[in-house]
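Chemist: Sequence:
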Amino acid sequence: MFDAWPFRTRDGVSATLPAVGNAQVSDGESLRRLALAGVGIARLSLFHIAPDIRAGRLVPILEDFNLGDTEEINVSFLGQGGHLPSRLRAVIDFLAATVPRRLNQTIRL
Numbered sequence: 564m565f566d567a568w569p570f571r572t573r574d575g576v577s578a579t580l581p582a583v584g585n586a587q588v589s590d591g592e593s594l595r596r597l598a599l600a601g602v603g604i605a606r607l608s609l610f611h612i613a614p615d616i617r618a619g620r621l622v623p624i625l626e627d628f629n630l631g632d633t634e635e636i637n638v639s640f641l642g643q644g645g646h647l648p649s650r651l652r653a654v655i656d657f658l659a660a661t662v663p664r665r666l667n668q669t670i671r672l
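Mapped onto our numbering, the consecutive letters of the sequence shown carry residue numbers 564 to 672.
There may be inaccurate statements among the hints.
Unchecked claim - Pairwise CB distance ranges (calculated):
| no. | residue 1 | residue 2 | range |
| --- | --- | --- | --- |
| 1 | A653 | A586 | 36 to 42 Å |
| 2 | L625 | A600 | 17 to 23 Å |
| 3 | L647 | F570 | 19 to 25 Å |
No lab work stands behind these hints: they were computed from the structure. None of the values given here were measured: they were computed from a predicted structure. Glycine is no exception: its CB is placed at the ideal position from the N, C-alpha and C atoms.
Build the full structure now, drawing on both the sequences and the hints.
Modeler: Structure representation (structure tokens):
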């Protein structure tokens, strides 16, 4: 959960404002469902809500103040002896090659 939302001011300066409300959740899907139900506004990644925007179920707001920030996607592996199994290396390589392309396809509004 985030206690503050980042924004870009009219002067182009980064700023944060407190995120307060009657509902708080810890995952994007629950937040998406609350926004779809009209409970309030939400700050979600485009890859998560692009279909809803295209269908008119959600409407972007405050776009002029969007920082355009991104988040990394990480893969964690708790292995023994520092050896990365070839099957896991294949999955990581597949994700690295596929995810950026798929996200770009999804985000097109």
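Chemist: Now look at each hint and say whether the structure bears it out.
Modeler: Now for the hints, and whether the structure bears them out:
A C-beta distance of roughly 41 Å is found between A653 and A586, which places it inside the suggested range of 36 to 42 Å. Checked against the given bound of 17 to 23 Å, the beta carbons of L625 and A600, roughly 20 Å apart, stay inside it. The given range of 19 to 25 Å is broken by L647 and F570, whose C-beta atoms sit roughly 40 Å from each other.
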